[in-house]
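Asks: Hints in hand, dock the two standalone chains.
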Amino acid sequence: MPMFKKICANRYIKMIRPGDIIIVIGLFILSFAPVAVFSWHEWQTTQAADSNAPVLTAYVKHDGKIVYKVNLSTHRGVSHFTYRDAGGDYNKIKVIDHAIEVTEANCFNQIDVKRGKISKPGQTIVCLPHKLLIEIKSKDGTDTGGMVSA
Amino acid sequence: MTNNQTRKYIYIALLCAQGIIISLVERAIPFPFAVAPGAKLGLANLITIISLFTLPVNDCFLLMVMRTILSALLGGTLSTFMYSLAGATFSFLGMVVLKRFSRRFISMIGISAAGGLLFNVGQLCVASFIAQSWQVLLYLPVLAFLGILAGIAVGIAANFLFAHVKTLTSLKMQHEI
Numbered sequence: 001m002p003m004f005k006k007i008c009a010n011r012y013i014k015m016i017r018p019g020d021i022i023i024v025i026g027l028f029i030l031s032f033a034p035v036a037v038f039s040w041h042e043w044q045t046t047q048a049a050d051s052n053a054p055v056l057t058a059y060v061k062h063d064g065k066i067v068y069k070v071n072l073s074t075h076r077g078v079s080h081f082t083y084r085d086a087g088g089d090y091n092k093i094k095v096i097d098h099a100i101e102v103t104e105a106n107c108f109n110q111i112d113v114k115r116g117k118i119s120k121p122g123q124t125i126v127c128l129p130h131k132l133l134i135e136i137k138s139k140d141g142t143d144t145g146g147m148v149s150a
Numbered sequence: 001m002t003n004n005q006t007r008k009y010i011y012i013a014l015l016c017a018q019g020i021i022i023s024l025v026e027r028a029i030p031f032p033f034a035v036a037p038g039a040k041l042g043l044a045n046l047i048t049i050i051s052l053f054t055l056p057v058n059d060c061f062l063l064m065v066m067r068t069i070l071s072a073l074l075g076g077t078l079s080t081f082m083y084s085l086a087g088a089t090f091s092f093l094g095m096v097v098l099k100r101f102s103r104r105f106i107s108m109i110g111i112s113a114a115g116g117l118l119f120n121v122g123q124l125c126v127a128s129f130i131a132q133s134w135q136v137l138l139y140l141p142v143l144a145f146l147g148i149l150a151g152i153a154v155g156i157a158a159n160f161l162f163a164h165v166k167t168l169t170s171l172k173m174q175h176e177i
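Protein chains in written order, with this note's numbering: chain A, 1 to 150; chain B, 1 to 177.
Next comes chain B alone, as it looks inside the complex (with noise of 0.2 Å):
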């Protein structure tokens, strides 16, 4: 029992570790697309993909929640920390909802396209929020398109990773029992 617990919060902070890692060296990567500025590939997707279907579903926002903060804490400032944690909410209650009502329909590429674009529906809110203007949310179409296609990526890296790495195949089977 306290060796599952103890197993199951090792878990965690791994994935929260490579988390933040993925997301400081997304960070250092120079984005190529002078058109959207605030567009990003939002790699650190991965790894809420890979907890949502390995761990249940409070734990997957507790890693979420502390996975944001801590990237917010490393290498962010507070208006990043706002917008990243809106769109990760954002992201993630659409992709626990996805998951929930596609049991076989959908597969990780979906769910995590979606997550894509709603983590940028959730920044453009922040952004209108803080401009006070709704005028911000017309520039959603091409933050989407970016969004989404970085979003099926990930979708395809997480699939390939439960493919190949034999933890995270046993563990997700281990969840889906």
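Same shape as in the complex, but just chain A (with noise of 0.2 Å):
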């Protein structure tokens, strides 16, 4: 009995040449290459994602003019701006890291004030008795969230 098994496994190894093995083993690694491309393909493309992130800059305007900008993507620590005009009227600008806010104002409705900070494009502030406008726009213009625009 022994022997006949021994046989039998020798006909079956006498079957199979060393390029058997090299195709299949071969096969097995290349049945995965689909995979292998989609994640490297994958990576690229959060690679080149991240790379161009949008820039991202906040503008106060006022009656449509640029008055001040700063660029919220590369800004650290705290900076201030202060908007004045001719007539007395103020706004208190803050930066705080990739935030900007309003924290003090003389116009009578402090809507402004009350808005805080705002950090994603298409975001706006809006002090309409100074016609003043703070608005965040990313690299290419176009606001994400930009349902108002004042």
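All the pointers check out, no bait thrown in.
Computed Cβ-Cβ distance ranges for the label pairs, DEER-style:
(1) A:I21 x B:N3: 37 to 47 Å
(2) A:I13 x B:L138: 28 to 38 Å
(3) B:N4 x A:I29: 43 to 53 Å
(4) B:L74 x A:I29: 35 to 45 Å
(5) B:T77 x A:I13: 41 to 51 Å
Hints in this document: simulated from the structure, not taken from any laboratory.
Where is the CB? At the ideal position from N, CA and C, for every residue including glycine.
Replies: Set out below in structure tokens:
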């Protein structure tokens, strides 16, 4: 009986040539090629997306004219800007890291102060009494959440 | 001369009929692996292997196309026909190339394993063309694993056939001369 088994095993082994083993292993590796290509491609696209992440810029405009702008994407720390016009109206603007807010103003309704911080493209702070508008735009000018354009 | 020609056509017709029967029977087997819908054993690949070793390449191609069309007509739909035609063409080309470049180095086992994998590649290419997304190809490893195993089994079976069926042995000898 053991002898019979040995013959059987021999018959199978004799069939196999060295090329077969190489081929089969190669095919198994080859079958994972699409997965590798896809993950490589995915990695590439994420890299590309990281490198051209939108640059956000905050514009402070009075009556349509830009009076101050700051690059929010690269901004670090705290900086201040105060807008004053001839009539004594003022708005104190504070930029903290990637967000911008109006901290103090002498307009009557204080809506700009109550609005708080904004940091996303398309967001705006409006002070109608002073005709002042703060808006955030991404680099190519598209504002993603921009339902409201004052 | 004519006698030889007739003999060859009868042989092709016989192989074709056997291939169709094999694929019909195979379709009747309920597939046990629920993880991989679309995977099949590819037993009809056995016929392609036998023809490759006993007939000239253009006759093999004719046989392969006839077999695919007829088995689709007898028990398939248009979509299965497209899948299996693409798969069969891919695996046929792959097997021909492998057979050319490997006189003694690769046996039928390697050739039919390659055929099994390439069948699945062709199938998935058609599927991804239909679905218009290359994501479908990510399914390849699952199918290919089963396809390669089935290919190895088919290769072993072909080896046994050539060892034990005298007609095939002599035809193979004639072909190799």
